[in-house]
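Chains as they are written, first to last, in the working numbering: chain B, 1 to 383; chain Z, 1001 to 1383.
Source of the hints: derived by calculation from the structure; they are not laboratory data.
One thing to keep in mind: the hints can contain errors.
[Unchecked claim] Which chain Z residues face chain B? A few, computed with CB under 7 Å, are given here:
no.	residue
1	F1083
2	Q1216
3	A1315
4	A1318
5	F1355
Source: prediction; values computed, not measured.
From the three backbone atoms N, C-alpha and C, an ideal C-beta is built for every residue, glycine too.
For reference, the chains in residue letters:
Protein chains: 2
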Amino acid sequence: MSVTAASGFRAAGVTAGLKPSGKPDLALVVNDGPEHVGAAVFTSNRVEAAPVTWSRQVVTDGRVDAVVLNSGGANACTGAQGFLDTHRTAELVAEAAGVSAGDVVVCSTGLIGELLPMDRIENGVTQVSGAVSADGGADAAEAIMTTDTVAKECEGIGSGYVVGGMAKGAGMLAPSLATMLVVVTTDAVLTSEQADEALRTATRLSFDRIDSDGCQSTNDTVLLMASGASGVAPETGEFTSILTEVCQDLALQLITDAEGAAHDIEIVVNGAANINDGLEVARAIARNNLFKCAVFGGDPNWGRVLAAVGTTKAAFDARTLDVAINGVMVCRDGGVGDDRSGVDLSNREVKVEVFLKAGEESVTIFTNDLTHDYVHENSAYST
Amino acid sequence: MSVTAASGFRAAGVTAGLKPSGKPDLALVVNDGPEHVGAAVFTSNRVEAAPVTWSRQVVTDGRVDAVVLNSGGANACTGAQGFLDTHRTAELVAEAAGVSAGDVVVCSTGLIGELLPMDRIENGVTQVSGAVSADGGADAAEAIMTTDTVAKECEGIGSGYVVGGMAKGAGMLAPSLATMLVVVTTDAVLTSEQADEALRTATRLSFDRIDSDGCQSTNDTVLLMASGASGVAPETGEFTSILTEVCQDLALQLITDAEGAAHDIEIVVNGAANINDGLEVARAIARNNLFKCAVFGGDPNWGRVLAAVGTTKAAFDARTLDVAINGVMVCRDGGVGDDRSGVDLSNREVKVEVFLKAGEESVTIFTNDLTHDYVHENSAYST
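So that you can see chain B by itself, here it is in the shape it has in the complex (with noise of 0.2 Å):
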């Protein structure tokens, strides 16, 4: 599992007190090679943090040599000084693992508007990158935590070598990324370019598909390391796949741990005439706080899913659009369908169906529901 499941990392996580709660806040993964391949997707938020517009920098010529990580600070909207801070993280870390700064990402999650306590981050660095083993992929997997409940790990296995992964996010998950880290690694030998294509394809297939609260974070990141060390080339589409899969893994992991949720919505659109329009007919529903309410209240209310539907510019004809909910076919042709009392709402799992009619094409968003302890766990945060 996790981050040092292939061969050629060490990780380790840390407390560097970073955290109010005393919990571990630093995590190191070192990429020990022989190869140093990485490729990394960003937040497209315009409002980005300064460890991400380092981390931009280090991966456009495709190697990486180590990511640290901290959590109990976003070190976002912090001016100058916090990108001196990230900068000096990095040098921290290149001195200590002996590599260069210009080859350590850097991602930071928490609160946004604060700058980070140096002091304490290098203390933390020197005592992470003097933990770092083999084994330590479930110590980094729990150090990068905010709101999350649970560490999320993953493995899978190719022709001759592993892909692992770890991601934090529990809130703010929506497409084009989320408040969310994720680093997977992976043995395999490939070049720069099959990296940065694999990562863009799994991303798009996996975190651009779930959307808790239609927010989007200042850190988003999600980095792919190649040590090579398993000296198995694999072809790229099966290579895609595996990581693909990874990364879908991990995605579910987050929607499920969610901020405040009690549900766990599947929205599959199908019949669309294409992706695109899947896709913004199924992010409607998965924003429409009206119909997010009605779920976590047990309520199978299908006018609002068409309302939403409603709002889009995909095509659609109205009146023969079909609702199903937990598989009760509950509208029918855009009116009343089957009886709704017959939906069973009591599990956490949640599928909600609509038949567009339009073409062939089905997309699949995951969502959550909007709660009590959503609306607390968000007015709470920072105070």
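Start from chain B and add chain Z according to the hints.
Below, chain Z without anything else, positioned relative to chain B:
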């Protein structure tokens, strides 16, 4: 006040038995002329209710003699039978009022996906037709309430003419209208072109600038009727100005009574390169659940404001953004500004100002916070 403030109008509100609560649920406003000019704007939701489909046709010739409005059922997603029911309702009103069914606007609000009990509508129309009077505006305003806690009425005085209005809608308030029914009457002498132009301008600057929860209803209607009874033909600009004031007053009444809200949030975007940029930024903030939860919790979380701004395509430089909350400049140049502990969020009114520094335009959108009560009301609405 209300729709009978202007000469030439009679109105009433009665209990037809559509609401389980037994409260008034059927309203009628009749234009006695001498002129019968009408204009309307409707929801842009492509899943539109039967009364919207009907009423769009009614207003195309610029003549409206009466409007009948029911709460207790939206008649949306009710298929061909729903449309027949709307048509029948118009015919019943036409018969009682001695007008043509093709000049009767119909509005419905309440639950989606259920047919109206036409026997009760029939009795109700008889009752309300007999009850209309020149001082029945307040009763009509009460009869269109759903989850509203207070009736919304307003009056504006022109040079020799009056503009009066009523509105309902306490949730699903979003641009391009909302679960919102609005009837505005005037005794000014207007051409149908003047009425249409004035109403579109007034709506764009009022109801399109409130966004309670980003959701968009299937039934929204804003109707303007002009009787010409004052004999005064105002200049279009003056009339538009007074109509806009009336609509803005009603829009603010809607936001102030939004479902479950604890704070009314005024979002002012200054220094936008153009109006569209300002609107995009203001709406991104208004629809950010995390920010809305923070306001509920009394937390001046400017980082969430910036994260919302960052999702837009508006012109700005993230390094120069300023944000003030209730007058305290908590964010300066994209980073930490004045002490956030100086922000007092104990009052219901909250003002968020964003300074884009990209131009000269300024835009204001009104929204609410996201609260436990919002979740409660919307999870329990149909159960």
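Status of each hint after checking the structure:
1. F1083: Where the cut-off is 7 Å and the nearest Cβ of chain B is about 10 Å from F1083/Z, the hint is violated.
2. Q1216: holds, 5 Å
3. A1315: This interface hint is violated because 11 Å lies over the 7 Å limit.
4. A1318: The hint holds - A1318/Z has a Cβ within 7 Å of chain B, the shortest such distance being about 5 Å.
5. F1355: With a closest approach of 14 Å, the F1355/Z hint is violated.
Consistency note: the structure conflicts with the earlier hints numbered 1, 3 and 5.
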